[in-house]
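**Student:** Residue numbers (our numbering), protein chains in the order written: chain V, 6 to 514; chain A, 33 to 398.
A portion of the hints provided could be inaccurate.
The following label-pair restraints were derived from C-beta to C-beta distances [unchecked claim]: (1) F97/A - S360/V: 52 to 60 Å; (2) R26/V - V377/A: 49 to 57 Å; (3) V68/A - S360/V: 47 to 55 Å; (4) G285/A - V287/V: 58 to 66 Å; (5) Q358/A - P86/V: 56 to 64 Å.
A partial selection of chain V residues facing chain A, derived with a Cβ cut-off under 8 Å [unchecked claim]: (6) F142; (7) T317; (8) R321; (9) V341; (10) T344; (11) R355; (12) C358; (13) F373; (14) V377; (15) G379; (16) R380; (17) L385.
If you want the footprint, here are the derived chain A segments under chain V, 3+ residues with CB under 8 Å [stated by the list, open to error]: (18) 265–272; (19) 275–285.
These are computed hints drawn from the structure, not numbers from a lab.
Where is the CB? At the ideal position from N, CA and C, for every residue including glycine.
Listed here are the chains, written in short residue letters.
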Amino acid sequence: MTGFAAAAGALSVEAVGVSMRFGDVVALDDVSVRVEAGTMHALLGENGAGKSTFVKCLMGFHRMTAGQIVVGSREVDVRDPRAAHAHGLGMVYQHFTLVPSLSGAENMVISRERVPTVIDWQAERAALARFVDTMPFTAPLDVPVQRLAAGERQKLEILKQLYLGRRFLILDEPTSVLTPGEADELLGTLRDLTRSGRLTVLMITHKLREVSAFAHVVSVLRQGRHVGTGRVADLDHGSMAAMMIGEKTVRAGTERGNAVGSVGLRVQDLRTPDRTGRKEIVIDSLSVRSGEIVGIAGISGNGQTELMEVLTGQRRPQSGGIRIDGRSYVPSRAAVHATGVRCLPEEPLRNACASRMSLAENLAFRTFDRTVDGRRRFWLDRPALRSRARDLAARFRIHAASVEHPMASLSGGNVQRAVLARELTGTIRVLIVANPCFGLDFAAVAEVRSRILTVRNSGAAVLLISEDLDEILELADRILVMSEGRIVHETARACADAAVIGRHMAGRP
Amino acid sequence: MTAAAMHGAALSVLDGGLAAVRRRGEAVIIPVGALVAGLLAFAIFLAFIGRSPVEFYGLVYKAAFGSAFSWENTLARTAPLLLAALCTALPARLGMIMIGGEGAIVLGGVAAGVFAMSWPALPGALGIAGMAAAAALAGGIWIGAIGLVRHVRGVNETIASLLMAYVAVALMNHLVEGPFRDAGSLNKPSTAPLADGFRTGTIPGFDVHWGLAIGIAACVLCWILLERTSWGFAARIVGGNVRAAHVQGLPVGRLVVGFSVLAGSLAGIAGMVEVAAVHGAANASLAAGYGYTGILIAFLARHHMLAIIPVATLLAGFDAASGLVQRRMDLPDATVLVLQGMVFVSILAGEALHGRLTWLRGPARS
């Protein structure tokens, strides 16, 4: 119980002039941030702004090139994560680090710095119970972690950090896997802990709503530099976003037309087992008209992946099927060409590209076997393939050393741009999209969304499956909620209420 | 970031330039380095058992590439290796590790022998074409069936093809010792000796049989198929990312089975060439391990159709030298197998280096 005994209130941490260089790349440039004891401090920034690098320097995962870390009033040398832990610094990751098959109590005990060879579980459990009694919140300790909901796991993770005696906690996008309700509860708990002086929290996030609702102070990083720190009470969303993105020009929001036409995509009586084989995906009727975006909201793992796999031809449904413009549709090469159905699957590098093939080849996936007038071709036209790739790369601003470079050498934003370039040229009747902005930075997100809106305005039927509710609320004309493999809620854009949608997402209408 | 942006601006200028050389550099340096490392390891092994590595490699050079005669000997052995290597390299481009080429080779040989027995009166050219067709059919069905069960039932093609190779050898032994045994073959059960018109002769002006020309032509045609046609492109998408291939609506099943059939047919033809050009009848000599050496060649060539040609020649040279090495240095004939094994392990280890030779890369990546 060494960790628990050492816990004695929130710590302040100050980074002074922290710089981090990887070879020629400057990831952090003279960043100074002070996190006061007992506050909830948000760290905002785009992808690649240096947030993760910064906290990794604090935690000793990286040895910073220059700068000091002051914990409390003492300058400390954070050589490695062990040293950080010894000073009371802890971190909760985006993805869970608990052992799924062990219970909460077992997870907590085995995480201790020094675990006895033979564990006296009875004594440990009693000590744990005493510890949990002193906490303002609790989590189930006797159930295997794999049976807990995401929110409970995240709470258990925090409980574990407190049990280990951490007094300064870094959280890396702690709510990305939670429902809005769970997120609010977790962040509320953390804020209460900071208010009561037990803990200081530094939270990486990109959700402005969470910053203004829960954080006391916010610091913003941009391109490795600290661009400002301020009290949340003094800042509105507009000024925080401006600090994050700087002078970059974000594509203006595309106008939304209002012409809704005939049904382009219809899914009927679809039944297919989910990937565990234990549950079933059941969609009785889902239709998307041309000129509208239908958004399917839901927490990951509620059947969206399986639905997407059926729609893209990666999975054969047990029964039921898809109709495009009233005609039955099986995603074959000929049907894909004839009907103008395009797909943007999630994680484009994993689902839509061959990472070892070149950018030019990846851009040709849809067209390599067709002549300009749509007939089959046997011989590849390699010069045409390359010049078309250069043209697309320029039009969609894909940054690559050359079109001959392998896809794997492109950054995430450029991979997504390449897939957009491939799928969004030509006449589009139906567009099926899943989590298109996952892992992209601010400017890229705006660009992707504006392109999706342009496709809608040109008269295509768009189905958007997304785990990001903000994205659904921004883009969709009609919002459906998927939970436990079924569509459980439907609302028009005009009467959408995030709280109601969130409850349906959580399966508690 | 700025360097990356500059590279983006120089998009077209750099195309096919230095960057491409750097990129391809890795694909050449790693296998060549692995080969050299394997040869060095074997040299240490030789020194350890008290033999001179210098003498060994000198003898290998002399026996394999030192004279016109040794070149002919080497190239005659190269022929079946080319086709056997294609049987592993082609499926590999679709993401399959098919190591059962030996099975397709022996069955192709038997099919060719049985065809020649059944229609001995055919004119020579027709007979040879018929033997080739029978051999391609037998090999194609054998490997194609493995591609099919892999696609339909998710059966592991590596294990399946290996085990099927043992079945094929047993089947061959049964056929040449039983139903198709020639009464005249006494101590080595064989099919009936081929009529003279069914024997493929040597390439004019060159004491190497036609198998070499067939093998090289097959490598070149497979390269054209993969790199220059839309079928090959589709196959490479399947190999690059089968999920993306499904999303693009490509007929993944047809491609997987089709390329497996093609790979098996080529191995089958290797068996037919052995029968028609070397043995003159189908018998147990068909199971000479060409299929297994082919795996090594395909991996050394990184499944590149044209790289197979020099690599197969090199390994055929080792093979050709084994007799001489055995006699002159008093080493067991398995010595060459030890060498092959060391090279193979070295190549597998080299696979782990891909993408890690940072000094080979351009100054910036976006």
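**Student:** The structure should be examined with respect to each hint, and the outcome stated for every one.
**Tutor:** Hint check results:
no.	hint	verdict
1	F97/A - S360/V: 52 to 60 Å	39 Å, violated
2	R26/V - V377/A: 49 to 57 Å	39 Å, violated
3	V68/A - S360/V: 47 to 55 Å	29 Å, violated
4	G285/A - V287/V: 58 to 66 Å	27 Å, violated
5	Q358/A - P86/V: 56 to 64 Å	59 Å, holds
6	F142	41 Å, violated
7	T317	5 Å, holds
8	R321	10 Å, violated
9	V341	4 Å, holds
10	T344	10 Å, violated
11	R355	7 Å, holds
12	C358	6 Å, holds
13	F373	5 Å, holds
14	V377	14 Å, violated
15	G379	14 Å, violated
16	R380	12 Å, violated
17	L385	6 Å, holds
18	265–272	holds (count 6)
19	275–285	holds (count 8)
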